Each structure stands twice: as C-alpha cells, then as structure tokens.
Amino acid sequence: LAKTTQPISMDSYEGQEVNITCSHNNIATNDYITWYQQFPSQGPRFIIQGYKTKVTNEVASLFIPADRKSSTLSLPRVSLSDTAVYYCLVGDETYTGFQKLVFGTGTRLLVSP
Amino acid sequence: EAQVTQNPRYLITVTGKKLTVTCSQNMNHEYMSWYRQDPGLGLRQIYYSMNVEVTDKGDVPEGYKVSRKEKRNFPLILESPSPNQTSLYFCASSFRPNADTQYFGPGTRLTVL
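If you read the protein sequences in the order shown, they are chains A and B.
The numbering of the first sequence is the numbering used here, which starts it at 1 and goes up by one.
The numbering of the second sequence is the numbering used here, which starts it at 114 and goes up by one.
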C-alpha cells in the first residue's frame with residue numbers, strides 16, 4: 001500500500017524559493033508523481049508532473065531521485081498568491097491491476113510580505 | 114468549456130436518508146474518482162472507475178456506493194448516511210489514472226445531522 005508523508009506547514013516570504021518534499025513508499029512503478037495546489041473551497045489544481053529526474057514548467061520544478069521514494073516541488077520566487085495547500089499524488093497498484101490514487105497529507109504554505 | 118460538474122454543492126440531511134451526489138464530465142475521460150476531504154486528513158479516494166461498468170474501491174469506501182453506466186457520469190450514493198460522512202466531497206476525471214491532469218469538480222459540502 002502506497003504511503004505518503006509531507007510536512008504539515010511551511011512559512012516563507014515573498015521572493016524566496018520554497019521546496020516542499022513528499023516521501024512516498026510502495027508507489028506504482030510505472031506511474032507519474034504529480035503535485036496539486038488547492039485554495040480554500042476549491043478543488044485541487046494541477047501544478048506539475050514527473051516520472052524521474054527533473055521537470056520544469058512555467059510555475060515550478062519537480063525533482064525526483066532515482067529510487068522514486070520522494071519528490072520535491074520547488075516554487076521559485078513565491079508571491080502572496082502562492083499561499084495555499086500543496087499535495088503530492090501517487091499511484092498505488094491494486095491486486096486487480098487497476099490503479100487507485102493516494103494523495104499526500106498536504107503542506108500548508110503561508111507566504112508573508 | 115471543459116469541466117467537471119457536481120450537484121448539489123451544499124447539502125444538509127439527516128441520518129439514514131438516502132442521497133445521491135451527481136458528477137458529470139464533458140471531456141470524454143475514462144478515469145473518474147470520488148474523494149472526501151476532512152481537516153487534517155487531506156484528500157482520500159473513496160471509489161474510482163477505470164471506464165463504464167468498471168469500478169473499484171479506494172481507501173475509504175465504507176458507506177458509499179457508485180455506478181458508472183455512462184462514460185460522462187459517476188454518481189456517489191450514500192444509502193444510509195451517518196454523521197461521520199459529514200465532509201467535503203470532490204469528483205475528478207482524467208484520461209488515465211495518474212499520467213495526466215486530473216480535473217476536479219467544485220466540491221459538495223455535505224452535513225449529516
């Protein structure tokens with residue numbers, strides 16, 4: 001069974017780089033690791049996804065080591081609007097061969113002026 | 114516009130009174146899921162569906178039922194709701210389980226008295 005662990009909360013200031021790590025054991029071997037952002041009273045929103053090594057898009061970078069037992073979301077130069085909860089998402093292969101999904105416990109990021 | 118819709122958005126009911134929360138997507142996605150979100154517990158998958166007539170249990174299926182008779186619809190059924198099912202519920206869809214973006218509905222806030 002896949003298990004995920006994230007820090008409960010993090011504080012930062014505008015303009016700083018923030019790194020949030022998710023530890024995940026027993027994830028599906030042929031599956032991606034995805035990160036989502038969630039604001040209050042809204043559904044999660046996709047940020048970035050990767051399988052191995054490093055992925056970068058216009059808003060974030062994702063670092064995944066070779067053993068895939070963790071992943072780190074990097075937000076460069078955060079702003080006040082980045083205050084939100086961040087979740088990692090991994091796949092967990094079931095005995096049926098289907099795939100259920102397991103979210104991390106979430107990290108509440110607070111960005112201050 | 115690509116979207117996932119849920120109804121109702123808010124519902125207050127009493128213990129034991131059967132209810133259904135509807136979910137519909139217009140993106141021809143094969144994979145659909147229901148999640149519940151509770152303070153301190155993050156998002157937990159209740160049920161998921163790989164395609165029409167193919168459903169399986171997530172991490173917290175007790176007390177819930179689902180059906181997938183059409184590709185676009187994935188209703189969540191509570192046959193006999195209890196207060197511990199008071200929660201915020203999200204429906205989500207994607208082409209594949211975790212290889213591309215999951216699109217989330219706006220959420221349904223359910224209170225069971």
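Errors might be hidden in some of the hints.
Said to hold, decoys possible - Heads up, simulated EDC-like pairs for lysine to aspartate or glutamate below, C-alpha to C-alpha not over 20 angstroms straight-line:
id, chain 1, residue 1, chain 2, residue 2
1, A, Lys3, B, Asp151
2, B, Lys131, B, Glu114
3, A, Lys52, B, Glu175
4, A, Lys3, B, Asp172
5, A, Lys54, B, Asp213
6, A, Lys3, B, Asp169
No wet-lab data here; the hints were simulated from the structure.
This one's a predicted model, so the numbers in the text were calculated from it and none came from an experiment.
These are the hints, each one checked on the structure:
For the hint linking Lys3(A) to Asp151(B), the alpha-carbon distance of about 18 angstroms falls within 20 angstroms, and the restraint holds. Between Lys131(B) and Glu114(B), the direct Cα distance comes to roughly 32 angstroms. Violation of the 20 angstroms bound is thereby established for this hinted pair. Distance restraint check for Lys52(A) and Glu175(B): the Cα-Cα separation of roughly 35 angstroms exceeds the 20 angstroms cut-off, and the hinted pair is therefore not satisfied. Between Lys3(A) and Asp172(B) the CA atoms are separated by roughly 11 angstroms; this keeps the pair inside 20 angstroms, and the hint holds.
Taking the CA atoms of Lys54(A) and Asp213(B), the gap is about 17 angstroms. The hint holds against a cut of 20 angstroms. Proximity of Lys3(A) to Asp169(B) is assessed by CA-CA distance (about 19 angstroms); at most 20 angstroms being required, the pair is judged to hold.
Checked against the numbered hints given earlier, the structure breaks hints 2, 3 and satisfies all the rest.
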